[in-house]
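S.K.: Heads up: the protein sequence lines correspond to chains A and B, in order.
Numbered according to my numbering, the first sequence spans residues 1 to 391.
Numbered according to my numbering, the second sequence spans residues 1 to 391.
Do not take every clue at face value.
No copy is singled out in the list; a pair is fine if it fits within one copy or between any two copies.
Here are the simulated DSS-like pairs of lysine-lysine, each with C-alpha atoms no more than 25 Å apart in a straight line [said to hold, decoys possible]:
hint: 1; residue 1: Lys137; residue 2: Lys325
hint: 2; residue 1: Lys137; residue 2: Lys241
hint: 3; residue 1: Lys339; residue 2: Lys182
hint: 4; residue 1: Lys137; residue 2: Lys339
hint: 5; residue 1: Lys325; residue 2: Lys182
hint: 6; residue 1: Lys182; residue 2: Lys137
hint: 7; residue 1: Lys325; residue 2: Lys53
hint: 8; residue 1: Lys241; residue 2: Lys339
hint: 9; residue 1: Lys53; residue 2: Lys339
hint: 10; residue 1: Lys182; residue 2: Lys53
Hints are computed from structural coordinates only; laboratory data are not their basis.
What you are looking at is a predicted structure, and each value in this text was computed from that prediction instead of being measured.
There are 2 protein chains.
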Amino acid sequence: MPYTDLNPPVRTLLGPGPSNVHPRVLRAMAAPLVGHLDPAFLQVMDETKQLLKFVFQTENNLTIPLSGTGSAGMEASLFNLTEEGDEVLVAVNGYFGERMCQMVPRCGGQVRRIEAPWGQAFDPDQVEDALQEGMVKLVAMVHAETSTGVLQPLEEISEIAHRYGALLLVDAVTSLGGVELKVDQWDIDACYSGTQKCLSCPPGLSPITFGPRAEEVLLSRRTSVGSWYLDLSLIQRYWGKERTYHHTAPISMNYALREALRLVQEEGLEARFARHRLNQRALVAGLEAMGLELLVPEEYRLPSLTTVRIPAGVEEARVRPRLLKEFNIEIAGGLGDLKGQIWRIGLMGHSSRRENVFLLLSALEYLLCDEGFSVPRGDALEAAGQVYQSS
Amino acid sequence: MPYTDLNPPVRTLLGPGPSNVHPRVLRAMAAPLVGHLDPAFLQVMDETKQLLKFVFQTENNLTIPLSGTGSAGMEASLFNLTEEGDEVLVAVNGYFGERMCQMVPRCGGQVRRIEAPWGQAFDPDQVEDALQEGMVKLVAMVHAETSTGVLQPLEEISEIAHRYGALLLVDAVTSLGGVELKVDQWDIDACYSGTQKCLSCPPGLSPITFGPRAEEVLLSRRTSVGSWYLDLSLIQRYWGKERTYHHTAPISMNYALREALRLVQEEGLEARFARHRLNQRALVAGLEAMGLELLVPEEYRLPSLTTVRIPAGVEEARVRPRLLKEFNIEIAGGLGDLKGQIWRIGLMGHSSRRENVFLLLSALEYLLCDEGFSVPRGDALEAAGQVYQSS
Numbered sequence: 001m002p003y004t005d006l007n008p009p010v011r012t013l014l015g016p017g018p019s020n021v022h023p024r025v026l027r028a029m030a031a032p033l034v035g036h037l038d039p040a041f042l043q044v045m046d047e048t049k050q051l052l053k054f055v056f057q058t059e060n061n062l063t064i065p066l067s068g069t070g071s072a073g074m075e076a077s078l079f080n081l082t083e084e085g086d087e088v089l090v091a092v093n094g095y096f097g098e099r100m101c102q103m104v105p106r107c108g109g110q111v112r113r114i115e116a117p118w119g120q121a122f123d124p125d126q127v128e129d130a131l132q133e134g135m136v137k138l139v140a141m142v143h144a145e146t147s148t149g150v151l152q153p154l155e156e157i158s159e160i161a162h163r164y165g166a167l168l169l170v171d172a173v174t175s176l177g178g179v180e181l182k183v184d185q186w187d188i189d190a191c192y193s194g195t196q197k198c199l200s201c202p203p204g205l206s207p208i209t210f211g212p213r214a215e216e217v218l219l220s221r222r223t224s225v226g227s228w229y230l231d232l233s234l235i236q237r238y239w240g241k242e243r244t245y246h247h248t249a250p251i252s253m254n255y256a257l258r259e260a261l262r263l264v265q266e267e268g269l270e271a272r273f274a275r276h277r278l279n280q281r282a283l284v285a286g287l288e289a290m291g292l293e294l295l296v297p298e299e300y301r302l303p304s305l306t307t308v309r310i311p312a313g314v315e316e317a318r319v320r321p322r323l324l325k326e327f328n329i330e331i332a333g334g335l336g337d338l339k340g341q342i343w344r345i346g347l348m349g350h351s352s353r354r355e356n357v358f359l360l361l362s363a364l365e366y367l368l369c370d371e372g373f374s375v376p377r378g379d380a381l382e383a384a385g386q387v388y389q390s391s
Numbered sequence: 001m002p003y004t005d006l007n008p009p010v011r012t013l014l015g016p017g018p019s020n021v022h023p024r025v026l027r028a029m030a031a032p033l034v035g036h037l038d039p040a041f042l043q044v045m046d047e048t049k050q051l052l053k054f055v056f057q058t059e060n061n062l063t064i065p066l067s068g069t070g071s072a073g074m075e076a077s078l079f080n081l082t083e084e085g086d087e088v089l090v091a092v093n094g095y096f097g098e099r100m101c102q103m104v105p106r107c108g109g110q111v112r113r114i115e116a117p118w119g120q121a122f123d124p125d126q127v128e129d130a131l132q133e134g135m136v137k138l139v140a141m142v143h144a145e146t147s148t149g150v151l152q153p154l155e156e157i158s159e160i161a162h163r164y165g166a167l168l169l170v171d172a173v174t175s176l177g178g179v180e181l182k183v184d185q186w187d188i189d190a191c192y193s194g195t196q197k198c199l200s201c202p203p204g205l206s207p208i209t210f211g212p213r214a215e216e217v218l219l220s221r222r223t224s225v226g227s228w229y230l231d232l233s234l235i236q237r238y239w240g241k242e243r244t245y246h247h248t249a250p251i252s253m254n255y256a257l258r259e260a261l262r263l264v265q266e267e268g269l270e271a272r273f274a275r276h277r278l279n280q281r282a283l284v285a286g287l288e289a290m291g292l293e294l295l296v297p298e299e300y301r302l303p304s305l306t307t308v309r310i311p312a313g314v315e316e317a318r319v320r321p322r323l324l325k326e327f328n329i330e331i332a333g334g335l336g337d338l339k340g341q342i343w344r345i346g347l348m349g350h351s352s353r354r355e356n357v358f359l360l361l362s363a364l365e366y367l368l369c370d371e372g373f374s375v376p377r378g379d380a381l382e383a384a385g386q387v388y389q390s391s
């Protein structure tokens with residue numbers, strides 16, 4: 001069983017993540033390894049913490065990359081903030097809210113759930129109504145639902161949660177570094193993300209930030225955190241001044257994250273958010289010009305991930321594989337309730353570029369025509385072009 | 001706050017891990033990213049599973065790399081095999097046995113502990129005596145104690161554990177790929193490792209294998225596993241035929257692991273184990289020729305990690321930093337009970353090379369003399385050279 005040299009195809013990654021990685025990030029990742037307590041690595045850690053504070057727009061001291069993917073960040077947040085019997089209000093309008101509901105009972109928490117249809121955002125009143133029915137320790141919301149492409153406004157909900165004495169936990173996996181997210185200004189108590197979306201770093205780490213109220217919960221726990229690997233009080237001692245060994249940090253992944261964050265800093269947050277918005281507007285204009293229908297109303301549309309209904313008569317099981325095979329473009333299908341009904345098109349981080357918008361629209365137009373769906377030739381690119389011209 | 005280009009020093013990594021990474025592994029890691037459900041990545045997954053079976057010397061179907069470091073493998077093993085009230089016999093003769101004791105209660109298990117002095121191995125009788133005192137579900141042993149340099153013989157203990165109806169869980173973090181480890185032949189039920197030791201891959205993944213009895217435990221659990229992120233039944237559905245999305249696998253890390261495993265396969269397991277043994281024998285001969293004393297008796301000495309007592313009169317706080325600063329060589333000090341008393345010298349994977357043995361011995365001789373400890377000049381290198389000549 002001799003195996004060939006690794007030779008993965010060169011894809012344009014326009015799915016829900018991972019996104020394409022900037023060559024500088026790949027180069028950084030391949031830098032020589034040092035030990036996890038090497039002074040040179042301790043400096044990388046400190047700089048990464050500073051850069052993460054910058055992208056999270058926070059002064060939170062407990063702001064670090066966890067040694068697992070975004071789902072590890074979700075588990076770490078819920079497990080560290082919840083003890084046996086604690087009530088957690090989970091807002092479910094997609095796959096990742098659902099996932100939170102699966103996790104909470106595993107650390108002894110009680111789920112109180114509110115729901116909105118997949119593809120819609122929550123009205124703050126709905127959260128307030130639920131809180132009036134009984135106190136909870138934690139309100140858990142998804143900022144950017146990767147399964148639906150919905151962006152959840154958070155400021156008002158944050159005010160409500162705190163008024164009822166609850167903490168606010170936010171899933172920012174698909175927003176951090178691509179969509180406005182002001183942890184301090186919006187008074188978010190705990191927030192986690194992944195590296196492989198708008199930060200355009202390979203998957204493997206989960207940036208997380210805990211504010212003063214959340215740190216207070218850590219300090220006043222009666223019981224140990226359900227997970228040793230994700231126990232933030234232990235991990236913090238390695239990332240803090242003590243440098244107490246906890247586990248061996250993924251050195252190369254941290255190199256990559258630092259470089260990805262440097263790229264964010266060089267571009268600037270505002271410019272980056274504007275780029276994500278502009279490229280999505282062009283994509284949406286093109287899709288609509290093709291006669292396709294968007295799932296999410298404009299008001300709640302997530303700039304980093306666009307969901308579009310698969311037109312009647314088009315076989316989803318044919319178009320997506322052809323995009324991959326003939327054009328090396330990855331987009332994704334729907335999850336859960338939306339399986340077979342939508343495509344999910346990501347324009348995240350380094351993937352959010354004008355050339356990718358034009359490439360995808362032209363490839364999609366070609367394939368839809370080829371699959372027998374009538375598309376007005378050239379309209380999509382013209383519509384996208386107009387968005388750029390008027391910007 | 002502009003940050004400089006990443007420019008880590010080029011270290012010779014002779015500590016307890018990470019070890020130096022082969023350039024081919026760094027190159028593989030920087031290959032273009034593909035999606036976690038891309039057919040090209042699914043092939044990488046399948047090949048990695050096959051290669052892991054080869055290094056674990058097992059036919060176990062559930063043999064995969066977990067998306068976390070070695071400690072995540074420890075937690076996954078204990079959490080998946082243990083339910084509320086289950087008794088786990090943990091053999092503690094170092095830091096990592098101690099860590100298991102910290103983890104078990106977090107998933108509701110009861111720790112029954114046996115102890116041996118740090119630096120010594122367990123006698124099988126000690127395990128049998130403990131089992132006679134009452135049944136346990138699981139016996140947890142460390143094969144290669146990274147904190148002490150002890151190699152624990154396992155065959156007899158495996159027979160005993162099974163005779164008493166218990167499963168055997170083995171920590172092989174510092175042995176897999178460098179020291180003989182026969183999962184099937186020794187009838188080990190569950191075993192985990194890390195990538196950054198004898199496999200010479202960057203840290204970030206934890207290879208794990210579960211045999212039929214351990215899989216049966218997964219299937220017959222009454223309650224959910226304490227961790228969602230490390231729930232092997234869920235993870236297996238992504239790594240198995242179903243390809244059900246669980247979390248986004250760390251793509252680049254998996255590229256790296258596949259390449260590191262290919263290097264193991266090309267060298268051959270026997271040749272690799274022999275190389276680790278030979279280089280350690282040369283190192284030990286050199287250290288002893290310098291008048292230094294080994295912590296572990298020859299019989300239980302771990303080929304991948306050598307522990308040596310810091311001679312009286314030598315300031316540990318000076319020698320190790322000078323090795324790093326003046327020679328770019330990393331070795332480690334002692335942990336826990338052995339803090340300040342020993343150095344830990346790793347010769348693991350790509351770091352286990354004759355040139356590293358000579359480099360370290362010559363640098364250590366120079367520094368010990370410089371620090372006022374009388375070392376017979378030249379004897380260490382001569383003794384090491386003789387080991388290679390007679391091999």
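S.K.: For each hint, tell me whether it holds in the structure or not.
M.R.: Results for each hint:
no.: 1; hint: Lys137 to Lys325; verdict: neither (48 Å within a copy, 50 Å between copies)
no.: 2; hint: Lys137 to Lys241; verdict: neither (30 Å within a copy, 40 Å between copies)
no.: 3; hint: Lys339 to Lys182; verdict: neither (32 Å within a copy, 44 Å between copies)
no.: 4; hint: Lys137 to Lys339; verdict: neither (33 Å within a copy, 42 Å between copies)
no.: 5; hint: Lys325 to Lys182; verdict: neither (40 Å within a copy, 41 Å between copies)
no.: 6; hint: Lys182 to Lys137; verdict: within (22 Å within a copy, 49 Å between copies)
no.: 7; hint: Lys325 to Lys53; verdict: neither (40 Å within a copy, 31 Å between copies)
no.: 8; hint: Lys241 to Lys339; verdict: between (47 Å within a copy, 19 Å between copies)
no.: 9; hint: Lys53 to Lys339; verdict: neither (36 Å within a copy, 35 Å between copies)
no.: 10; hint: Lys182 to Lys53; verdict: within (10 Å within a copy, 46 Å between copies)
Hint check: violations occur at hints 1, 2, 3, 4, 5, 7 and 9; the rest are consistent with the structure.
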